[in-house]
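Peer 1: For reference, the chains in residue letters:
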Amino acid sequence: MKKLLFFIYPFLLSLTAFSQLLLSPIKMDNSLQEIIQQTNKNTCVTLPYGNKNLLQQYEGTWQFYNTSKTQNGNEKSVKFDSLIGRLDGNFYTDIDNKVRVTGNVSYANNIFLFVPQFRVSDSIKRNDKKVEVKCIKLFSEKAFTTYSITFSGNEDCKNCEFVVKQHQNILINVDKENRVVDKLLIGNIEGNDLGRYRLYFYVDDKKIIHLKDFSSDELEDRHLSYEQYQILPNGIFARYYSADGVVKSNNENGMVNENRRDGKWVEKKQNYNIDLNNYKNFKDNYTWLEANYKNGIPIGQWNYYKLVQMYDDSGYAIVSTRKKGELIYTENYINGKLKKKSFIK
Amino acid sequence: MRITIDHTGQTVTLNPTNTARPNDGLQRITEVYFAKKVVSDFGRNVSFAKIDSLHTQQDATGQAIAYDTILGKTVYLIVVTDNMATLSVDVVLRPSNNTMTGNTETLRIMKYNGTSRTYEATNLLRAEVGNFDALNPRTGTHPYTNTNNFSNAAIFKLQIRPDTQALFNTWATNIGNATVNIEAVVERTDNLPCAYGPNSTQEVAGAEVFLNADTTGRFRLVNRNFYEVLARVRNTANGPNANSFTDSPYNFFGMLGTVRKKIKAIVNASSTNVVYFYFDRYDNEILVTTRAKTNVMGRANGVQLGAVPPGHTSRTAAPPGGNAQFNFAFANGSIVTTGNHRNGARESRFPGQLRIVQYNASGTQIDLVRMPDELDINIDNNRVRIAYEFSGSQRRFCNPECFAAFLGILAEVGIAEVTSTGMCFGDATSYPSLSHPNGDSIDTGYLANQNTNQQKLLDAFIGWNFTEVIAGTAQQRWLNNAHRYRADHDNHLHSGNFDSNSIEPLY
Chain A
1 MKKLLFFIYP FLLSLTAFSQ LLLSPIKMDN SLQEIIQQTN KNTCVTLPYG NKNLLQQYEG
61 TWQFYNTSKT QNGNEKSVKF DSLIGRLDGN FYTDIDNKVR VTGNVSYANN IFLFVPQFRV
121 SDSIKRNDKK VEVKCIKLFS EKAFTTYSIT FSGNEDCKNC EFVVKQHQNI LINVDKENRV
181 VDKLLIGNIE GNDLGRYRLY FYVDDKKIIH LKDFSSDELE DRHLSYEQYQ ILPNGIFARY
241 YSADGVVKSN NENGMVNENR RDGKWVEKKQ NYNIDLNNYK NFKDNYTWLE ANYKNGIPIG
301 QWNYYKLVQM YDDSGYAIVS TRKKGELIYT ENYINGKLKK KSFIK
Chain B
1 MRITIDHTGQ TVTLNPTNTA RPNDGLQRIT EVYFAKKVVS DFGRNVSFAK IDSLHTQQDA
61 TGQAIAYDTI LGKTVYLIVV TDNMATLSVD VVLRPSNNTM TGNTETLRIM KYNGTSRTYE
121 ATNLLRAEVG NFDALNPRTG THPYTNTNNF SNAAIFKLQI RPDTQALFNT WATNIGNATV
181 NIEAVVERTD NLPCAYGPNS TQEVAGAEVF LNADTTGRFR LVNRNFYEVL ARVRNTANGP
241 NANSFTDSPY NFFGMLGTVR KKIKAIVNAS STNVVYFYFD RYDNEILVTT RAKTNVMGRA
301 NGVQLGAVPP GHTSRTAAPP GGNAQFNFAF ANGSIVTTGN HRNGARESRF PGQLRIVQYN
361 ASGTQIDLVR MPDELDINID NNRVRIAYEF SGSQRRFCNP ECFAAFLGIL AEVGIAEVTS
421 TGMCFGDATS YPSLSHPNGD SIDTGYLANQ NTNQQKLLDA FIGWNFTEVI AGTAQQRWLN
481 NAHRYRADHD NHLHSGNFDS NSIEPLY
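Residue numbers (the working numbering), protein chains in the order written: chain A, 1 to 345; chain B, 1 to 507.
Read the hints as simulated data drawn from the structure, not as lab findings. Any given hint might turn out to be false.
To be verified - If you want the footprint, here are the derived chain B segments under chain A, 3+ residues with CB under 8 Å:
(1) 110-122
(2) 276-286
(3) 301-309
(4) 383-397
What the hints assert, rightly or not - Simulated DEER-style distance windows between Cβ atoms:
(5) A307/B / K323/A: 20 to 28 Å
(6) K125/A / A307/B: 47 to 55 Å
(7) E75/A / T294/B: 35 to 43 Å
(8) N481/B / E59/A: 45 to 53 Å
(9) P240/B / F139/A: 40 to 48 Å
(10) T294/B / D204/A: 54 to 62 Å
(11) K339/A / G311/B: 52 to 60 Å
Heads up, the beta-carbon is just placed ideally off N, CA and C, and yes, glycines get one too.
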């Protein structure tokens, strides 16, 4: 089954939680091209794009209720609620921006745009319904133009009380031949009122893309990660680091040169290309990735191992228990281009 | 043997030598009945609907009511006369058996004084024929233009209850689930002879007993918990003043700060029934629904678990229809609920897994009522509309006070489309929700394409003393006045932390 998936989506791989590198430029279908052409008639948005409150310092977790239901949240919670509310407001205001060109596209014909994070309904998968996308132009470079595309969806709800809804914002870089060079998911709100995952963006005036994601349930909010991206001259999204040197965190470690990854990198993150339906003995979709870069460009062999970790009583992964498990698959890159992907397991 | 009422309100045997002779134009007490006030013509016309065993009531859903009044409830007593204008009549009420007070002596109960606008304890009820002070609102005089219809009647506004909580509790306990018939003994205040009954042809001295036979009707008193929910009047339907209100003129409740209370609770431990009354802007009484009250262990907010811990003492199926499937009970009082709600793939706790929630016992017993599965009360073509339905949720138990407030809110907004997404289960748990045990907050789905009504609904929750109203940050971010805005309320409006101080107590 996993190999079949690979054949269906041969052009995808997961670099990190957010970025999706396309193996080679993808031709858009006519309907998407038409939307892009219409969008080109409009002016670009003025940078910065997004809400600057994203750059505020968010602490690990904060409780909605302090000690009991009768308390209307605590000070920290109120502060972060307010900030998140502004990020949320910006997210939806941007989607509703009347400058965006709206059109309907086929999911199947533009699958590179949507997978793997978009949780579509069966009717869209079957192409009974189209996906409504809204497009706006961010900026143009010599080799490409960057657009933001937003779309929404509801997961099919069979006997569930709380429907999962999703809103996404994806950046695509389109070259002069109307091919999509790369894409980056920069906004994603999915879930329901019992639990939500949220990814917010801020593109500063130097075109550095700041991404932070959060998860929440009814009682607690949690800041998950902060990543920055840059766009390389060839239109590829690459991680950006504000300082050179060794980076070491719970989730990644490696060397940075000239604000780009360089040399060996280890990443311990959720990998959304791992479909847990195909790995019944996996408790989660975390992988331990050993990657190689040169000037921010993937090179050589990348090894994806299962990340083995233990959980505490509340279901949280215990970072100190993380270790490398069995090898799941490998990828081989030459100068940023994926040449081979091999499943071991 | 005839009786008479003495100046203390007691009934005593009449001296037979006082018997008078009839004359022309008989002074007559034709009829004595208990009633509820019915106001029509936009508050201008008043009438009185008889209530007794021959004139039974129904609730607003058409359900028959097997009693006529409740201990502590406001009721009118009408004494209809002939040829007695400006004369005064005396009435005493007494139970027909010993159940309530241990005897059948005159009851000392609460009578509305239309001058002081307060209820006063009295044995002897006295009113002048053609005087309408009993209809006086909180300030000023009554607004009714048709009182000529009642110029031959003496009108009493009463609450059949004693003047202390302790004695109330005694009466309530004594009544239990029984029904006590209340009889009225009536006489001219001047004790002169009077004819009794519509067909009487002779004035006789002494008092007459009314409502003391099955054939003429019994006035049946029971004990229940009940809530009286009083409308407030929106000053303008829309626009900037749409969220400003005037109190009902017949709201005699006290103030909470600068705002008049709108709900009165009459509660006691001797009944497990809770009756909900709504009084519209004209003071018309509507019996909305009667609910069974349960008392269960309260619950703390839920905690997600990765698995059901070992050692449960029982496993029972959850009510069908929702996401909850099984409840596992543990010796320490906690309940662990499993179900088919699957956490999101990127939730921080147990992502992608079927949710398992542990609800620990809070240590405090709480009251719950099971809400009707739906309500749609529509009186006079939407003049009063109290309507809601549930989403797929089976969490249909609610704190009794919160439900009273919810009825007031629904009536105030007056639309058919309100959907509740649920409160709690009968055991006070709330799977899959972690934060809604105990049924003390009310969730409603957002109204589709009704922004004005949605704003009114939010404002109504606040106006009816929910102090933690949380709206979403997505499509409903335009909503004003919520206490908080959170992204996990994008699909429902949360109204919690109901302020119990906003409930008017009986004593």
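Peer 1: Does each hint hold? Answer for all of them.
Peer 2: Against the structure, the hints:
1. 110-122: violated (count 0)
2. 276-286: Check failed, 0 qualifying residues.
3. 301-309: holds (count 5)
4. 383-397: With 3 residues in contact (Cβ-Cβ under 8 Å with chain A), the coverage given for the segment 383-397 of chain B holds.
5. A307/B / K323/A: 20 to 28 Å: Given range 20 to 28 Å: holds, Cβ gap about 23 Å.
6. K125/A / A307/B: 47 to 55 Å: Violated - the Cβ-Cβ distance for K125/A and A307/B, about 33 Å, lies outside 47 to 55 Å.
7. E75/A / T294/B: 35 to 43 Å: Holds - the Cβ-Cβ distance for E75/A and T294/B, about 38 Å, lies within 35 to 43 Å.
8. N481/B / E59/A: 45 to 53 Å: Violated, at about 29 Å.
9. P240/B / F139/A: 40 to 48 Å: Because 43 Å falls inside the window, the suggested range holds.
10. T294/B / D204/A: 54 to 62 Å: holds, 58 Å
11. K339/A / G311/B: 52 to 60 Å: Holds - the Cβ-Cβ distance for K339/A and G311/B, about 56 Å, lies within 52 to 60 Å.
Checked against the numbered hints given earlier, this structure breaks hints 1, 2, 6, 8; the rest are met.
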